[in-house]
Amino acid sequence: MASEKSKNQLAGDDKPIKINKWDNAALKNGLDDAAKNVLTKNYGFVENHSLMDGRLVICTIAVAFAMFALVLDFFRPFPESRPVLIVCVTAYFVLMGVLTFYTTYKERGIFLVALEKDRAGMDPDNTWTLSSSLRKYDDMYELCMTYSDGKTGETRKAELCKSVANFFDENGVLCADLFNPEIEKMKESLTSEKKLN
Amino acid sequence: MSGMLSFEFLDDVRRMNKRQLYYQVLNFGMIVSSALMIWKGLMVMTGSESPIVVVLSGSMEPAFHRGDLLFLTNYRQEPIRVGEIVVFKVEGRDIPIVHRVLKVHEKDDGSVKFLTKGDNNSVDDRGLYAPGQLWLDKKDVVGRARGFVPYVGIVTILMNDYPKFKYAILVCLGIFVLVHRE
Numbered sequence: 001m002a003s004e005k006s007k008n009q010l011a012g013d014d015k016p017i018k019i020n021k022w023d024n025a026a027l028k029n030g031l032d033d034a035a036k037n038v039l040t041k042n043y044g045f046v047e048n049h050s051l052m053d054g055r056l057v058i059c060t061i062a063v064a065f066a067m068f069a070l071v072l073d074f075f076r077p078f079p080e081s082r083p084v085l086i087v088c089v090t091a092y093f094v095l096m097g098v099l100t101f102y103t104t105y106k107e108r109g110i111f112l113v114a115l116e117k118d119r120a121g122m123d124p125d126n127t128w129t130l131s132s133s134l135r136k137y138d139d140m141y142e143l144c145m146t147y148s149d150g151k152t153g154e155t156r157k158a159e160l161c162k163s164v165a166n167f168f169d170e171n172g173v174l175c176a177d178l179f180n181p182e183i184e185k186m187k188e189s190l191t192s193e194k195k196l197n
Numbered sequence: 198m199s200g201m202l203s204f205e206f207l208d209d210v211r212r213m214n215k216r217q218l219y220y221q222v223l224n225f226g227m228i229v230s231s232a233l234m235i236w237k238g239l240m241v242m243t244g245s246e247s248p249i250v251v252v253l254s255g256s257m258e259p260a261f262h263r264g265d266l267l268f269l270t271n272y273r274q275e276p277i278r279v280g281e282i283v284v285f286k287v288e289g290r291d292i293p294i295v296h297r298v299l300k301v302h303e304k305d306d307g308s309v310k311f312l313t314k315g316d317n318n319s320v321d322d323r324g325l326y327a328p329g330q331l332w333l334d335k336k337d338v339v340g341r342a343r344g345f346v347p348y349v350g351i352v353t354i355l356m357n358d359y360p361k362f363k364y365a366i367l368v369c370l371g372i373f374v375l376v377h378r379e
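Chains as they are written, first to last, in this note's numbering: chain A, 1 to 197; chain B, 198 to 379.
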């Protein structure tokens, strides 16, 4: 954990994010990474990787099936390898279907699940999730922050919908001083609601 | 300045963590695997070890020209008949040949011998077979032509004629997929 943190610092995280501003995917990734940094670095929440790991496992198994089919077909040429090929091909396409379902219904654009550790270490952790979307040929970046209380189990949401032009300068450098406060504001709004209750 | 420009496209990659990097590699693997699995799926469905071939010579003109794409099937239960166009392999030759069946001999036990000839050739194929071979067998058949798309395969022929061009394109596409984050 500690080594991972120091490595990130070595990678030069204080260097501003610069992207190609005409590339929509790069814009979204840049903003996502910055939002993720605010929660994990500034607030010290611990990232939970299980959602991403699920996708990695599905992809790895699918590619393993394909590679197995390739190797088998090399050593035992076609008519002999037919039954195994049928299994591999079916498994591969089923897994691709599973992957599509996983990304559309389970991940739903969530790029960060972070746990806020309870200070006393007694209560269950609070969970923060971030999901975003940026449609192709559209400049409106939609960010959704969800907070779920570990103790009471209640969930609250805050949303942000702003043009990406608000956060990038002409050269495609992400202005952290404009973007980070937005995230902090969302975070504080969710936390203060908790205090009111 | 130029040094900076040439490495700026790597900034996206530099921000990735271990999982994201691994996913980039998997993404590349999945593109390759999808193509591979579609090909193997076609093999299983058609029963042919090479369900799509490109005509490389003009020996079947005017039926097929150089660069035509052929779709093959090789179902066991369908008998080979005179007049059909078969794709077959000859021992000692890497490239399969597309020619028409000229004569067929069938026995009661199901074994078949047949002779082929290119429509545009003046003699039959005995000169093309392995030395001493007079007839083709069922095991020599790669498939029978079921459909074709004219001239599309010329891309494949060009790629094979200029291998450097082919590898350059493949390497560029590969790097793009690995570096570009979706």
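Any given hint could be a false lead.
Dumping the calculated DSS-like pairs for lysine-lysine here, alpha-carbon to alpha-carbon at most 27 Å [claimed, not checked]:
{"no.": "1", "chain 1": "A", "residue 1": "K41", "chain 2": "A", "residue 2": "K18"}
{"no.": "2", "chain 1": "A", "residue 1": "K41", "chain 2": "A", "residue 2": "K157"}
{"no.": "3", "chain 1": "A", "residue 1": "K157", "chain 2": "A", "residue 2": "K106"}
{"no.": "4", "chain 1": "B", "residue 1": "K336", "chain 2": "B", "residue 2": "K363"}
{"no.": "5", "chain 1": "A", "residue 1": "K21", "chain 2": "A", "residue 2": "K185"}
{"no.": "6", "chain 1": "A", "residue 1": "K21", "chain 2": "B", "residue 2": "K335"}
{"no.": "7", "chain 1": "B", "residue 1": "K361", "chain 2": "B", "residue 2": "K335"}
{"no.": "8", "chain 1": "B", "residue 1": "K363", "chain 2": "B", "residue 2": "K314"}
{"no.": "9", "chain 1": "B", "residue 1": "K335", "chain 2": "A", "residue 2": "K15"}
{"no.": "10", "chain 1": "B", "residue 1": "K361", "chain 2": "B", "residue 2": "K336"}
{"no.": "11", "chain 1": "A", "residue 1": "K136", "chain 2": "A", "residue 2": "K117"}
{"no.": "12", "chain 1": "A", "residue 1": "K136", "chain 2": "A", "residue 2": "K151"}
{"no.": "13", "chain 1": "B", "residue 1": "K300", "chain 2": "B", "residue 2": "K314"}
{"no.": "14", "chain 1": "A", "residue 1": "K41", "chain 2": "A", "residue 2": "K21"}
{"no.": "15", "chain 1": "A", "residue 1": "K18", "chain 2": "A", "residue 2": "K117"}
{"no.": "16", "chain 1": "B", "residue 1": "K215", "chain 2": "A", "residue 2": "K117"}
{"no.": "17", "chain 1": "B", "residue 1": "K336", "chain 2": "A", "residue 2": "K106"}
{"no.": "18", "chain 1": "A", "residue 1": "K18", "chain 2": "B", "residue 2": "K215"}
{"no.": "19", "chain 1": "A", "residue 1": "K162", "chain 2": "A", "residue 2": "K117"}
{"no.": "20", "chain 1": "A", "residue 1": "K36", "chain 2": "B", "residue 2": "K336"}
{"no.": "21", "chain 1": "B", "residue 1": "K335", "chain 2": "A", "residue 2": "K41"}
Calculated directly from the structure, the hints in this document are not laboratory data.
So, going through the hints one by one against the coordinates:
| no. | hint | result |
| --- | --- | --- |
| 1 | K41/A / K18/A | 19 Å, holds |
| 2 | K41/A / K157/A | 21 Å, holds |
| 3 | K157/A / K106/A | 18 Å, holds |
| 4 | K336/B / K363/B | 33 Å, violated |
| 5 | K21/A / K185/A | 25 Å, holds |
| 6 | K21/A / K335/B | 60 Å, violated |
| 7 | K361/B / K335/B | 37 Å, violated |
| 8 | K363/B / K314/B | 33 Å, violated |
| 9 | K335/B / K15/A | 67 Å, violated |
| 10 | K361/B / K336/B | 35 Å, violated |
| 11 | K136/A / K117/A | 37 Å, violated |
| 12 | K136/A / K151/A | 39 Å, violated |
| 13 | K300/B / K314/B | 10 Å, holds |
| 14 | K41/A / K21/A | 25 Å, holds |
| 15 | K18/A / K117/A | 32 Å, violated |
| 16 | K215/B / K117/A | 23 Å, holds |
| 17 | K336/B / K106/A | 49 Å, violated |
| 18 | K18/A / K215/B | 21 Å, holds |
| 19 | K162/A / K117/A | 30 Å, violated |
| 20 | K36/A / K336/B | 61 Å, violated |
| 21 | K335/B / K41/A | 69 Å, violated |
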